[in-house]
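Colleague: Build out the structure end to end from the sequences listed, making use of the hints.
The sequence shown begins at -2 in our numbering and counts up by one.
Mixed in with the good hints, there may be bad ones.
Distance windows between CB atoms, simulated [as the list claims (entries may be wrong)]: (1) Gly120 with Arg167: 40 to 50 Å; (2) His78 with Pro171: 19 to 29 Å; (3) Pro168 with Pro64: 14 to 24 Å; (4) Glu153 with Gly65: 19 to 29 Å; (5) Arg150 with His16: 35 to 45 Å; (6) Glu146 with Ala182: 16 to 26 Å.
Since the hints were derived computationally from the structure, they do not count as laboratory data.
Where is the CB? At the ideal position from N, CA and C, for every residue including glycine.
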Amino acid sequence: MIYAYKNHIPVVHPSAYIHPQAAVTGCVVIGKDVYIAPFAAIRGDFGMIVIEDGCNVQESCTVHMFPGIEVRLCENAHIGHGAIIHGARIGRNCLVGMHSVIMDQVELGEDCIVGAMSFIREGTIVPPRSLVVGNPARIVREVDDRMLEWKSRGTEIYQQLARDAAKDIRPCEPLREMPPDYPLAG
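Modeller: Following this line, the structure appears as structure tokens:
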């Protein structure tokens, strides 16, 4: 659902897909080919949230901030299931792993990969192409070309999902038994 907050109405590019069970509130700008999954909460009530072209925010993610802060997910950022982005800037083509927490005033340089369940402390500046893991998170090495290609392919899958979901996701009644010719997903 899309919600206005005070005088702020979210701005969503027509090619973006926001699942009906996601909540997008207030001062939020969403670019083209963005996918917002069910149960994502993107709450621009205390500051602005910009989700640039090609990003995806997966199931159960939270994007929020302290008052007066801008959150920015730069082009092709990939935010894994259950992650929390709180007042941070996620650089172009970054991957934030599942259930990671990225705190206020963190800046991830472009092409970074944050491992699942990592915690990046407030104010941390992460150089481009860093592989960051742990709690508290630390840089363990540079992201190599193979990892970056893997990440980019995954993001492209979600960009296609945004296009497909707009035409193919619909409410339905469940089948009561599996037909013999039941199609496999994919």
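Colleague: Determine for every hint whether it applies to the structure shown.
Modeller: Outcome of the hint check:
1. Gly120 with Arg167: 40 to 50 Å: About 44 Å separates the Cβ atoms of glycine 120 and arginine 167, which means 40 to 50 Å holds.
2. His78 with Pro171: 19 to 29 Å: holds (23 Å)
3. Pro168 with Pro64: 14 to 24 Å: Given about 37 Å between the Cβ atoms, the range is violated.
4. Glu153 with Gly65: 19 to 29 Å: The hint (19 to 29 Å, Cβ to Cβ) is violated, given that glutamate 153 and glycine 65 are roughly 35 Å apart.
5. Arg150 with His16: 35 to 45 Å: violated (22 Å)
6. Glu146 with Ala182: 16 to 26 Å: holds (24 Å)
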